[in-house]
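**Q** Protein chains in written order, with the numbering used here: chain A, 1 to 634; chain B, 1001 to 1180.
Hints in this document: simulated from the structure, not taken from any laboratory. One or more of the hints may lead you astray.
27 Å max Cα-Cα, derived DSS-like pairs, lysine-lysine [said to hold, decoys possible]: (1) B/Lys1110 / A/Lys471; (2) A/Lys567 / A/Lys601; (3) A/Lys556 / B/Lys1146; (4) A/Lys556 / B/Lys1084; (5) A/Lys496 / B/Lys1029; (6) A/Lys406 / B/Lys1146.
Please read these numbers as outputs of a predicted model, since none were measured by experiment.
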Amino acid sequence: MNNETFQKIKQEALADWQALKEKTVIMVGTATCGRAVGAVEVMRAIDQELANQGVKDAVLMEVGCMGHCYAEPLVIIQKPGYPAICYGYVDEGTASVLVKEFIVGDDLCIEFALAATEPNDMFPTFEDFPRGMVEQKIVMENCGIIDPHNINHYIANGGYEALANAIEMTPEQVLQEIKNSGLRGRGGAGFPTGIKWETCQNIEDDVKYVICNADEGDPGAFMDRALLESNPHQMLEGLALAAFTVGASHGYIYIRAEYPLAVERVRMAIEQAKDKGLLGNSVLGSNFNLELEIFQGSGAFVCGEETALINSMQGYPGIPRHRPPFPAQAGLWNKPTVINNVKTLSYVSHIIKKGADWFKSIGTPENPGTAIFALAGKIINTGLTEVPMSTTLKQIVYDVGSGIEKSKKFKAVQIGGPSGGCIPESLLDTSIDFDSLSKIGAMMGSGGMVILDEDDCMVEIARFFLDFTQKESCGKCTFCRIGTKQMLDILERITKGEGVLEDIDYLGELAQNIKNGSLCNLGKTAPNPVLSTIRHFRDEYEAHVIEKRCPALMCKELTTFYILPEKCERSCDACIGSCPVECIYSNEDRIKVIDQEKCVKCNSCLDACPPQYDAVIKLSPVDMLKVKENVIDE
Amino acid sequence: MELTEEEIKTAKETSQNILENYTCTDRGKIIPVLQNIQNELGYVPLPAMQTVSDHFELPAVDIYSIVTFYNQFRLIPPGKNQVKVCMGTACHMRGGQIILDSWERRLDIKCGETTEDREFSLERVACVGCCTLAPVVVMNEEIHGKVTPTRVDGLLYSYQLDKEQEEGEEQEQKAGEENE
Chain A
1 MNNETFQKIK
11 QEALADWQAL
21 KEKTVIMVGT
31 ATCGRAVGAV
41 EVMRAIDQEL
51 ANQGVKDAVL
61 MEVGCMGHCY
71 AEPLVIIQKP
81 GYPAICYGYV
91 DEGTASVLVK
101 EFIVGDDLCI
111 EFALAATEPN
121 DMFPTFEDFP
131 RGMVEQKIVM
141 ENCGIIDPHN
151 INHYIANGGY
161 EALANAIEMT
171 PEQVLQEIKN
181 SGLRGRGGAG
191 FPTGIKWETC
201 QNIEDDVKYV
211 ICNADEGDPG
221 AFMDRALLES
231 NPHQMLEGLA
241 LAAFTVGASH
251 GYIYIRAEYP
261 LAVERVRMAI
271 EQAKDKGLLG
281 NSVLGSNFNL
291 ELEIFQGSGA
301 FVCGEETALI
311 NSMQGYPGIP
321 RHRPPFPAQA
331 GLWNKPTVIN
341 NVKTLSYVSH
351 IIKKGADWFK
361 SIGTPENPGT
371 AIFALAGKII
381 NTGLTEVPMS
391 TTLKQIVYDV
401 GSGIEKSKKF
411 KAVQIGGPSG
421 GCIPESLLDT
431 SIDFDSLSKI
441 GAMMGSGGMV
451 ILDEDDCMVE
461 IARFFLDFTQ
471 KESCGKCTFC
481 RIGTKQMLDI
491 LERITKGEGV
501 LEDIDYLGEL
511 AQNIKNGSLC
521 NLGKTAPNPV
531 LSTIRHFRDE
541 YEAHVIEKRC
551 PALMCKELTT
561 FYILPEKCER
571 SCDACIGSCP
581 VECIYSNEDR
591 IKVIDQEKCV
601 KCNSCLDACP
611 PQYDAVIKLS
621 PVDMLKVKEN
631 VIDE
Chain B
1001 MELTEEEIKT
1011 AKETSQNILE
1021 NYTCTDRGKI
1031 IPVLQNIQNE
1041 LGYVPLPAMQ
1051 TVSDHFELPA
1061 VDIYSIVTFY
1071 NQFRLIPPGK
1081 NQVKVCMGTA
1091 CHMRGGQIIL
1101 DSWERRLDIK
1111 CGETTEDREF
1121 SLERVACVGC
1131 CTLAPVVVMN
1141 EEIHGKVTPT
1151 RVDGLLYSYQ
1161 LDKEQEEGEE
1171 QEQKAGEENE
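Same shape as in the complex, but just chain A:
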């Protein structure tokens, strides 16, 4: 009977989707990443040009993020008779050309095209790229293709089918399927989702809660945001399935307040699902009820930890508490509570729909499924990618990311954000899964991946992450509160060239104590960036301490700027104009000289010096300056 109700909804959605397929559709990626580079302006320009050209039957539609952030703003044009083509780096000018030439005329504008989005015999698709060979999309499949504001688009692409199926099953059957699939939590630690749900299901209680954890606080990670902005219903369906399995009738979505667009789109999605009878009282005519509510986090990294998140929702500072009891036993308002990450929940509907065996066929037996990463840093193709577990880091860096920009040399991958570690080139063949990564001192984390090149100082990176965790430490455990501060002080000393050799061993010792003496994973993993950099890049630490030299020329106190007199083109004043503190002057030979007392080491002159002269260089250690200047005196 349920299925009948759902079939009706589905037919409606399919009709809607089919009608859209027959029209000319212009899709603009307007997730936050697209908006930052002007997607909204592009949309306005297209709208304007459509009106100017008198085109009335074209549909202008907002879609989410396809993961190709490097080429934003992205526009996909689907015109009957042509394959749907994705255009990259679109600005207002390109947008109006596209409307004129392709929508009105019949010129595909191949010069602006990135790839087609569906197989055809005219133009290569994203799958034909090297990254297409590596990628396998499950939860990101519909991102960037469907309109996140329209529930029909999700339903037409197989959405809410899992929920409709599950309602005809028993909660035990759903649980069994999730347990069989071996799904592990994508929040970082990789705890088996099925076991979490089972614990909660087994407890007898009238009131239970489910919470979606969307408090993505890692600097450099934006997968959860992209999923919520591009396909909010996928997470909602997962949350509904979790609630059905454990027997909860109330759920929350804990989203960070820094993601206003995600909040807006999730709120809208909840309303639409309620209207269709997919949430709310008696879902699809069954006796399963589910009320969902959004709770906005207030910007505390530690609230990603389940017990801290619960405290925050109860109106307390987000301070973790001791486990057990686990939230699945006694969580929000002391009731059994299941808390899952956005990505974890997004997989659930696919598993129920396609079966545990299908899910297990992807990845490795212990780590089934795919992993989503946010690629950032010194890589050519920044963006989001979804790859099967067991893909190697090398494939991600070189096939998906197309290698290091500006032909620089690769140095390391920082994975897992402030809880993870740095992986050097020698370990690039490591396959990506929870167990292999922790073996080499890193961590899966939530999925931020920052690529570092030869210009990045490993000591400085360790300092940066420790500075972050130190500021975000809630202060409950002494070792985390004071120990991280001590470690930070030592690292700051080293980056200033004031370190001593014993410091490196002290760091290791402190790190061990912090790991042992902290309650939650923030403290337990905070020393990881330091430990892994010492392990793999000890020579850099030693260079800072012994030679007072920063090998990557990054640490401010250990480097200095110098203008090579033999290279300086006397009549060019580019560096003088660029200097924000006016510390560059011309000497009697009209050669430019830097006043070292005033210099703030901001890199401006280095960037401003035209490449054909290339006269500005960085020196480390600072004493090198004397050597250089003496040479000239002679």
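Please build the complex by placing chain B on the supplied structure of chain A, with the hints as guidance.
**A** Below, chain B alone, put in the same frame as chain A:
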């Protein structure tokens, strides 16, 4: 930073108005209430915290501990122009700190402060999600990518020009009114 009489008055009134929508004294509602206050006022001043603590019948220090625990809440009024410098990993690797230094130097305030004339406030934010544009500065919701120290000067200068133009127009308007 001392609050003016007027600021204290609006703070109290605004929080009263917001609390009218919350009849219950359920502790779980404190953070949403504080978020609403911050949305309205741009910050959460002490008088507002006092009002909230009276409503929830809790010691004021409990509210203070919440406000100071979470990064989202500010305790001092924001400037007319809010400058936020992104300090995510990607921006950090491309010199976010240098940009923050430039702002601090030019505005003569430290990060997290507001200038004396309340024109500018300077903040650091965690990733704004535009890692490809690093380093990023968000000025009044407008995102500026690939910022350099000279660009900071340029942004300040263009702001100054806008302000002068505005003042010029105002004066002209006044002069026009007087002529009439």
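**Q** Is it true that the CA of A/Lys556 sits at most 27 Å from the CA of B/Lys1084?
**A** With Cα atoms ~23 Å apart, A/Lys556 and B/Lys1084 stay inside 27 Å; holds.
**Q** For the pair supplied as a hint, B/Lys1110 and A/Lys471, confirm whether the alpha-carbon distance does not exceed 27 Å.
**A** Roughly 17 Å between the alpha carbons, so the hint for B/Lys1110 and A/Lys471 holds.
**Q** Within a Cα-Cα threshold of 27 Å, do A/Lys567 and A/Lys601 meet the stated pairing?
**A** holds (20 Å)
**Q** Is the hinted pair A/Lys556 and B/Lys1146 satisfied, with a Cα-Cα distance of at most 27 Å?
**A** Within the cut-off at roughly 20 Å; holds.
**Q** Between the alpha carbons of A/Lys406 and B/Lys1146, is the straight-line distance 27 Å or under?
**A** holds (16 Å)
**Q** Verify the proposed pairing of A/Lys496 with B/Lys1029, using a straight-line Cα cut of 27 Å.
**A** violated (46 Å)
The structure fails hint 5 only (numbered hints given earlier).
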